[in-house]
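Each chain, letter by letter, is given below.
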Amino acid sequence: MKNFLRIFYLFILFSGVQSNSIAAEKIEYLKTDWSFKGLFGKFDRAALQRGYQVYTEVCSSCHSMKYLSYRNLAQKGGPEFTEAQAKAIAASFEVKDGPNADGDMFTRPGKLSDKFVMPYENVKAAQAANGGAYPPDMSVLVKARGGGVDYIYSLLQGYEDPPVGVTLDDGVYYNKYMYGNKIKMSNQLSDGLVEYSDGTNATVEQMSKDVTTFLMWAAEPHLEARHQMGFKAIIYLIILTVLVYFSMKRIWSRIETEV
Amino acid sequence: MSDHQYTPESKFGKWFNDRLPLLTLANHLTDYPTPKNLNYWWTFGGILTFCLITQIVTGLVLAMHYIAHADMAFDSVEHIMRDVNYGWLIRYIHANGASMFFLAVYIHIFRSLFYGSYKAPREIIWIIGIIIYLLMMAAAFMGYVLPWGQMSFWGATVITNLFSAIPLVGEGIVTWLWGGYSVDNPTLTRFFTLHYLIPFLILGLVVLHIWALHVPGNNNPVGIDIKKPSKDTVPFHPYIVIKDGFALLMFMIVFAFFVFYTPNILGHADNYIEADPLVTPAHIVPEWYLLPFYAILRSVPDKLLGVVAMLSAIFILAALPWLDTSKIRSAVFRPLYRQFYWILVADVLILGYVGAMPAEGLYLLIARVATAYYFLHFLVILPVLGFREKTLPIPLSITEPVLGGSPNLATAKNKESSIIK
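Protein chains in written order, with my numbering: chain C, 1 to 259; chain B, 1 to 421.
Treat the hints as calculated values from the structure; they're not laboratory data. Only a predicted model underlies this, so the values are computations on that prediction, with no experimental measurement involved.
One side only, chain C facing chain B, incomplete, derived with CB under 8 Å:
1) S139
2) V140
3) R145
4) G146
5) P221
6) H227
7) L237
8) V244
9) Y245
10) S247
11) M248
12) I251
13) I255
14) T257
According to the in silico footprint, chain C covers these stretches of chain B (three or more CB under 8 Å from chain C):
15) 80-90
16) 242-255
17) 258-269
Pairs of lysine-lysine, DSS-like flavour, derived with a Cα cap of 30 Å:
18) C:K249 / B:K228
19) C:K249 / B:K227
20) C:K249 / B:K231
The beta-carbon is built from N, C-alpha and C at its ideal position, and this holds for glycine as well.
Okay, chain C solo, but in the shape it has when bound (with noise of 0.2 Å):
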């Protein structure tokens, strides 16, 4: 057993040497609880709801979500509005489909199978509305920075005056929590900026959270899946592991030597 110890030890070692390589600058970052952390984690439904309310209010005017279905809006372990809900939502949205009969392109109302509409038509669409600057697809982006949904939280929040001796371009704009503090989007909520239906108050703090909930189950939508599986089947491998222990005692107890 104590050279399982020791595996254990060098084991650490490495996944040290991993977190220490991802965390190479070192910034502090806003920190609240998350419901989906930990071993029985989860999202708070409400939560988002509120956060596909932002995003679709706020975000989703530049930002794309291109591997997200309005399906995916009434799926286990998603904001799970009812299956008539996330019709009417599809259905709020204009969907550009064809060639029909004719050999004509035609918009029509969303339907559940239908991809989040993208709000450029592409990529150099978007950068030309946006000073250049391509505001990245959301559908992964938690994953796609460090430091997670921390990082994009403590972003939302971390719009300040520039110091003294820094000018920024115009388009510009001064993030602390962003890479190099120089950010092309410009400061997006303010309190009050969206009308929660639930009646809770939109500060900008609780807009961050409900959003970036909702971006994290975005990048992982079967967060909620793994995490029961992975409690079961890990409490399997341990219940397999102990009997295996017992029986191999018992087999080795045949001849004088320790296992």
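With the hints as your guide, set chain B onto chain C.
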């Protein structure tokens, strides 16, 4: 192989076995006499077999859904993560499985280094092992390219560009490897093909590795030759099977923890950004298991010499059976070697650490010192140590310990001095 002749009991079994001796093979594998004092470091061979099979099986399923095309690879991976039934599970097992595979292989290699398992008569096992390790690195590197994220693309660019260091033909080779003038779709499709092929080459070499192992039999923590079968050995089944199984389950718990709770911690965030040939990431870092070699590569100022140093760092291992001049296998009886062994372990960990850091200032200095020490260990310390070191008395057999009061102490000492001469 095993000394006794095996005859199947049933008539059909006998008929079949005369034509294809599969039952003899099965009997050999179950009866295979194994030293009974093997510790848990020896369980990693079985764990590695499990890792290889896991990678092949999950990889097979992923390949059914993955699209090897520069415009669709990233999308198809997201499709696997979102819409394929349990696709997220299979992909996370495969991605973390690579890390687990390397964790196990490093433990396996360092076990060999500690107990001198590479020494005569096991040189061929060792060299096959090094080839497997090389192929693993190639497979892992190409696998990391397939999701076509930023690190995939730029990692592929950096590594393939190393070949341009070769004088005269370098540039031509790089173009040939890429299938064009930059890393692009042809590169991706060939990497996918090779990524699919290499694991089966590894599988074949694993069979040879085990075959070569079964000729002299396992080394053991005491590092002495033992009679087989004897009271020093146990049959592989059930003793070693259950012990390997127990260790494998422990390993799987760690594995499961990564897969289910921190599936992305061993990867780089930038690989969730789709490959963009026009945007270079701030730091291009390989996966953690390649970091020590990356550090060696960057510690040499000249590109060609850096590549040579990096490759030498791997190939030098193949020469290890002849670089280590000591006749004593196990570090248990080599007090000086034991200390140098742990220094080497620390050295490799340090190389891994600085490999993840930007190559500048203090990090670069540390990388250079650690690289120099790495080669010093193999090229100077090991050969000299074999002649200079005063080793401890080794026991005559596993069952007879070598402790102070042992009646065999005198004989053990005699044997030791005769071995050392």
